[in-house]
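Enquirer: Residues per chain are reported as follows:
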Amino acid sequence: MSLMEIKNITKRFGKFEALTNVSLTIPKGRIIGLLGKNGAGKSTLMRSILGFLKYDGEIYFKGKLIKHSQHDIFERIAFIPDVSGLDDRLTVQQTIDFVASINPNWKESTAINLLAKSKLPLHQKVGTLSKGMKTKLYLLVTLSLDVDLLLLDEPTLGLDITFRKEFFNTILGEFFDENKTIIISTHQIEEVEHITQDIIFLNEGKVILHENIEELKNKYNTVTVSVDNRKALMEHKPRLISYTLGNISGIIDSNVKIENATYQRPMLSDLFMAELGGYDE
Amino acid sequence: MNRFWGILKKDIAIAKKSLISPLWIIAITYVVILIMGIIGYVKTGSIKIQLNNFNVTGMLGNTLYFIVFFANAVAVAYPGLICSIKAISLSQNALNSDIQNKCEIFYRTQPISIWKRSLSKYLVSIFGVIAVLFSICLVNLIIINSILYFIFKEFLFLVAWHGMMINFVGFSLIIIVLGSLLFLASSIFKEKAFGRTILVLVLTTGFIEILNLMLNLNILTPIELVRDFLFFGITSFKIENIENMPLENLVQIINKSWDIILSFQTLIKLLISGAIFILSTFIYKWKEIK
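Sequence order for the protein chains is H and L. For the first sequence, counting from 1, position 234 maps to 234 in my numbering; every step adds exactly one. For the second sequence, counting from 1, position 236 maps to 517 in my numbering; every step adds exactly one.
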């Protein structure tokens, strides 16, 4: 059984259609990248799943229909938003105590373990912490919950590279297992490429691709030829073209072979651009 | 229950500084009075001279009962006013402060119902203030009656208690009514709920007044509605020349005051306040989080 079924979701803000007939099946035990340009509808989809928005269509979580403002789903779903949205008025200790007191799935041992690693100042107000420390605290209170689905909406926005790496390492080390699903929404594709198993591309509110990353990468090659050999490449209608010094590269089907060409597995960002741009010349 | 206690504890922690501020204001007032007393003592040389100005011996009859009653009742007015302002300030931010502090999503993604979150905020911003007012009233009761005992050598606890409690309950009702109205405003407006509510009330009242004038109508204005809601069931009665009043009159005043406060109209006010809480929570729940 799938963890979540999203059926024909359409969300309008006035005349603007942020999501158009989105349908997805989210399986158990996967790390899924939700990718798209700014304004593609990633956050709207996340907020619809969380019941923050009213929409046309249906979302089922573990077979049960999710309604608007339904609080009990948060016993099984956790969320980290794009901005550090903790309450600046509380201290670190009060924040931890609050989340622990209202969540039946709070895992004290995980919290203690994460707290020991984090070096968070317990009696300091959240508002006085740096963005990195706030993110650590958000991670601590979220990963200490035993939930089935973790939604991350641009969670590392504004963090430096050290914090970003630490962030994803912590999630993989402390949270993920074969029973848990993580959906990471981001437009920084290269950052999640090495950890995601499945990929969803959103563009202008529509799902343009939902596939296993390995299978997707096996379908295509990034082929590089010299500019003199350009014609041979163009015959195969490459999906994305880029020029480097004296060379031209393009994404083409993996079963196509061109003489004197070099082959590479395509980058996720290139595949994404290819999906958005199609044939580029 | 444990989960609700967790929310309540969090809301109390957030509002703690604001809740105890009336205590500080009253404490500072007492310190100022004390300093003025000391200055007076230094200037005049003896505090007894000041006390000699009271015609103490002539007051040891029924009049003392009236003095004790009214001194304790009037002493509630100042903290009552401060606490009413505090309740307005807290409840106008009750449901929108998480949005202002950009932590709404954090709370919305916790497994607690919006009703419990809302109730906790309602209790802290209204009944939290009432609890603070009660504690100030108790301290006032002790201080005022100690002073009265020092002057008149009589300790009339029951009369003092009635004097204090009548005004305390009266102010508590004002806090509940005003607090509930501002609680509703906090569910509608994201910020500056008090100012915007006043603006809406004034504008709609002005519009209705113009309509009434132009079309010769008699439609109740929003300001009249709020006024009626606030003072519904409250009637005044005249008290003249307490010096020669029999003690029965004080009993009558106390009974009449309790009759007004604990009336059917008060029950209606409490029910409407409860309905306003429910409406506010519905509006808050109904909104989308974008």
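Since the hints were made in silico from the structure, they are not lab data. Since this is a predicted model, take the numbers as computed values, not measurements. Just so it is clear, CB atoms sit at the ideal spot from N, CA and C, and this is done for glycine as well. Careful: at least some of the hints might be erroneous.
Subject to a maximum C-alpha distance of 30 angstroms in a straight line, what follows is the list of computed BS3-like cross-link-like pairs (lysine-lysine) [stated by the list, open to error]:
1) Lys217/H / Lys257/H
2) Lys67/H / Lys107/H
3) Lys231/H / Lys206/H
4) Lys231/H / Lys257/H
5) Lys571/L / Lys165/H
6) Lys131/H / Lys62/H
7) Lys7/H / Lys217/H
8) Lys125/H / Lys537/L
9) Lys471/L / Lys297/L
10) Lys383/L / Lys37/H
11) Lys471/L / Lys15/H
12) Lys131/H / Lys473/L
13) Lys473/L / Lys125/H
14) Lys37/H / Lys165/H
15) Lys62/H / Lys571/L
16) Lys473/L / Lys119/H
17) Lys383/L / Lys67/H
18) Lys471/L / Lys568/L
Label pairs and their in silico Cβ distance ranges [unchecked claim]:
19) Leu548/L / Asp177/H: 54 to 62 angstroms
20) Val313/L / Pro121/H: 35 to 43 angstroms
21) Trp286/L / Thr128/H: 21 to 29 angstroms
22) Lys568/L / Asn229/H: 57 to 65 angstroms
23) Thr310/L / Thr128/H: 46 to 54 angstroms
24) Ser269/H / Trp396/L: 40 to 48 angstroms
25) Pro121/H / Leu484/L: 47 to 55 angstroms
26) Asn38/H / Glu505/L: 30 to 38 angstroms
27) Thr128/H / Trp396/L: 42 to 50 angstroms
Enquirer: None of the hints should be skipped; say for each whether it holds.
Expert: Structure-based check of each hint:
no. : hint                                    : verdict
1   : Lys217/H / Lys257/H                     : holds, 16 angstroms
2   : Lys67/H / Lys107/H                      : holds, 27 angstroms
3   : Lys231/H / Lys206/H                     : violated, 34 angstroms
4   : Lys231/H / Lys257/H                     : holds, 14 angstroms
5   : Lys571/L / Lys165/H                     : holds, 28 angstroms
6   : Lys131/H / Lys62/H                      : violated, 34 angstroms
7   : Lys7/H / Lys217/H                       : holds, 27 angstroms
8   : Lys125/H / Lys537/L                     : violated, 51 angstroms
9   : Lys471/L / Lys297/L                     : holds, 22 angstroms
10  : Lys383/L / Lys37/H                      : holds, 24 angstroms
11  : Lys471/L / Lys15/H                      : holds, 24 angstroms
12  : Lys131/H / Lys473/L                     : holds, 28 angstroms
13  : Lys473/L / Lys125/H                     : holds, 25 angstroms
14  : Lys37/H / Lys165/H                      : holds, 22 angstroms
15  : Lys62/H / Lys571/L                      : holds, 25 angstroms
16  : Lys473/L / Lys119/H                     : violated, 38 angstroms
17  : Lys383/L / Lys67/H                      : holds, 23 angstroms
18  : Lys471/L / Lys568/L                     : holds, 11 angstroms
19  : Leu548/L / Asp177/H: 54 to 62 angstroms : holds, 57 angstroms
20  : Val313/L / Pro121/H: 35 to 43 angstroms : holds, 39 angstroms
21  : Trp286/L / Thr128/H: 21 to 29 angstroms : holds, 27 angstroms
22  : Lys568/L / Asn229/H: 57 to 65 angstroms : holds, 60 angstroms
23  : Thr310/L / Thr128/H: 46 to 54 angstroms : violated, 33 angstroms
24  : Ser269/H / Trp396/L: 40 to 48 angstroms : holds, 45 angstroms
25  : Pro121/H / Leu484/L: 47 to 55 angstroms : holds, 48 angstroms
26  : Asn38/H / Glu505/L: 30 to 38 angstroms  : violated, 51 angstroms
27  : Thr128/H / Trp396/L: 42 to 50 angstroms : violated, 32 angstroms
Hint check: violations occur at hints 3, 6, 8, 16, 23, 26, 27; the rest are consistent with the structure.
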